[in-house]
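*Asks:* With the hints as extra help, turn the sequences into a complete structure.
2 protein chains.
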Amino acid sequence: MKPVNVGLLGLGTVGAGTVNLLANNAKEIGRRAGRVVRITHAAVQNLDKPRECPTDGITLTTDPFAVVNDPDIDVVLELIGGEDDAYKLVMAAIEQGKHVVTANKHLIALHGNEIFAAADKHDVVVTFEAAVAGGIPIIKAIREGLAANHIEWLAGIINGTGNFILSQMKFEGADFAEALAEAQALGYAEADPTFDVDGIDAAHKLAILGSIAFGIPLSFDRIYTQGIRGIHADDIAYAEEMGYRIKHLGIARRNDGSIELRVHPTLVSEKALLANVEGEKNAVMVYGDAVGPTVYYGAGAGAGPTASAVVADLIDTVRMMSVDPTGRVPHLAFQPDQITDTPILGNEGFFCGHYFRVQVADEPGVMSRITGLLAQHEISIEAILQKDPETAGDDALIIIVTKPVIEGQVMKFFDSLDDLPETRPGLVHMRVAQFED
Amino acid sequence: MKPVNVGLLGLGTVGAGTVNLLANNAKEIGRRAGRVVRITHAAVQNLDKPRECPTDGITLTTDPFAVVNDPDIDVVLELIGGEDDAYKLVMAAIEQGKHVVTANKHLIALHGNEIFAAADKHDVVVTFEAAVAGGIPIIKAIREGLAANHIEWLAGIINGTGNFILSQMKFEGADFAEALAEAQALGYAEADPTFDVDGIDAAHKLAILGSIAFGIPLSFDRIYTQGIRGIHADDIAYAEEMGYRIKHLGIARRNDGSIELRVHPTLVSEKALLANVEGEKNAVMVYGDAVGPTVYYGAGAGAGPTASAVVADLIDTVRMMSVDPTGRVPHLAFQPDQITDTPILGNEGFFCGHYFRVQVADEPGVMSRITGLLAQHEISIEAILQKDPETAGDDALIIIVTKPVIEGQVMKFFDSLDDLPETRPGLVHMRVAQFED
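Residue numbers (UniProt numbering), protein chains in the order written: chain S, 1 to 437; chain G, 1 to 437.
The reader is advised that the hints may include incorrect statements.
Below, in silico cross-link-like pairs of lysine-lysine (DSS-like), each with a Cα-Cα straight-line distance of 27 Å or less [to be verified]:
(1) Lys403(G) x Lys387(G)
(2) Lys121(G) x Lys271(S)
(3) Lys2(S) x Lys121(G)
Computed spacing ranges between beta-carbons, pair by pair [claimed, not checked]:
(4) Asp341(G) x Arg328(S): 33 to 39 Å
(5) Ala177(S) x Lys387(G): 21 to 27 Å
(6) Asp175(G) x Pro425(S): 16 to 22 Å
(7) Phe171(G) x Asp415(S): 34 to 40 Å
(8) Glu152(S) x Asp341(G): 40 to 46 Å
(9) Ala191(S) x Lys387(G): 35 to 41 Å
Chain G is nowhere near these chain S residues, computed Cβ spacing over 12 Å in every case [what the hints assert, rightly or not]:
(10) Gln45
(11) Thr59
(12) Phe65
(13) Asp84
(14) Ala141
(15) Lys170
(16) Ala177
(17) Asp198
(18) Ser219
(19) Asp235
(20) Ala299
(21) Glu348
(22) Ser368
Simulated from the structure, these hints should not be mistaken for lab results. The beta-carbon is built from N, C-alpha and C at its ideal position, and this holds for glycine as well.
*Replies:* Spelled out as structure tokens, the structure:
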């Protein structure tokens, strides 16, 4: 099948991330999409600037309209950001009959109504998954996954910079200015942090979420918006004393005959899932009448997560361009001829920590013999407990958590543990796993 | 456009939930899908049994093959569950050129490879979002939302019954048998709980997740599977003492040249997001190379959540049946002519709790005057703190969290608070919200 030619506008962090992702995962993406997608042209501001990605095979130009107007380009990726130029370019691409993928929340929140009307008129699609909550497929979840629901409300941590600052204030007791400076030093906040800390960026995203949840026009200028500049470390401490965490949330909710759209610092119970989303992460909670509460969590910004969403939109667009069944989403995600029968590992090969509880005769030296056996099998201890509950009579219970190790070694250790005269039958064994949030 | 005729196999809890959802949200679904979807036929076991849903306009029959073979039926919903009959019916539907939506994890895990091969041959699709994690759109997230990623691993709480039992054991100190009995009394567990508590149901779901994450054939019989019968309340307590929670997880992970597929009780750090998923809820964490960690959380079972996924699949299928652009996913989720300009509520109409911190002259009776003003404005107090920090000199800080109230009342209260002679300038005000997890 003919490859799809993509024109890229902007080769900054997200643009380069997108080029890198398409290159690094070309095989995997091809196995899924069943069609080759290639970036043939890219518009940049300065041809001589060093790039964060390879540009072999990509024609670079400083004229973005040349990319938009090139008849060989099927899809335009708008990754320059900002409002005015992006608007003109996206509208020009639409008028040329090209599909558009954009990560630009500012553009969609302010001009989405006109852009989508033009796209419908010219029979093209404009996708914008990357505009909200970075790599989390939240637009897809609401627009398609929850399409059967009457959405009652949604609430989200949709500005990673603001959440990072609040987490720093909470964990370090830092005041706002210190936490902001740290966010800037780490590259999470811009030199001019206005959009992030005054809630404007979150309001852009909430405008989009509110529209797709409730079927209303994009209404950025009607969102009640309050940022996080006014939050003191003291308030975070007082809130915590009363069982709350302070999160900067975007909230959209139906009322009788009206809709609430609001962005503001919010106290939430420390037990709520949203209260425990820390650092630069994003999370959106969506409540549908049939499904109840659902939550979507992940990275809200950064080159990789944003590129993940941009390329997912690109794959969706390419699929939609095929009228034949081979363009459909494959049943098992990969094209039928690309399903590979990779070997499945047996449990002796699992690498993880292990928990075990063993009952032993409470005799001198028994702990030393058990830890000696562990050492002999090159198994390191993470934590150890000894208990003498009444149910064990004169015996003791020894509970050990090991560091990660190949399970085969643990099985051999269990055999030798079983051979100790002090060991009672009935060893309890479970695995331990770490999952980086 | 011609309505899509749907034939339903099975009118039990999930089948009735699907009929109810299509009826209750007909308008909303129509605004999104742009096409009328109607259930015209349903196969049931007993024509005389009372139904949990209206059946007006639905032709009932006891012969499911009559539904599958009816030339007027475009899409078959297989909601009878089980293995043998479901397999025959789904294969017959496919051979008749009908698309299929199923919630049957058992069927897909064991026979998906043959079913999808037949579907590809007959140019139809078989969708199965409801088969894994109920209403959470996890299949869509992995298959489409993360399609640009090389998935490294995934780990999930994918059996709500098992998670409910472990939560009961943790919170109530119940032993396994007691917690199972409670799950049965509440309808979360079947009379024969084998599939849930021995990990078979989770392994069915993990087989599906592993395939779509890694592009391997469905491999149910090669999953290492261990259930939760062997877990003692003691182990839960000992694990907690060492900073862990015990969760029953399905884990799929790439290794060098092989793949791990395993279902077993697992100790996870008490700080991990998965550790804090309680009760009958499900959550799946997916780690992609570009996006990093993402989490999807929601109801894993029940009529509403399962119907939410079944109807989402149905809408996807209907969209795919349209070759014309009107069948596409609309930009703002709803068809362009169905976007309604619902009024946006101003902040004086917000209904929520309020946090405020006010500095006051520390004089006798000041607290009484403030709480008196709250009472006068019909605002109830949820929590109250008084602080005398050095920074406030001879003044005191009063921090109050109110119960939910219309914001207009709070604004009037602030005005009258401002009029008190003891009140210093610089009131801090934030909102409080509750989100049911």
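*Asks:* Are any of the numbered hints broken by this structure? If so, which, sorted upward?
*Replies:* 2, 8, 14, 18, 19, 20, 21
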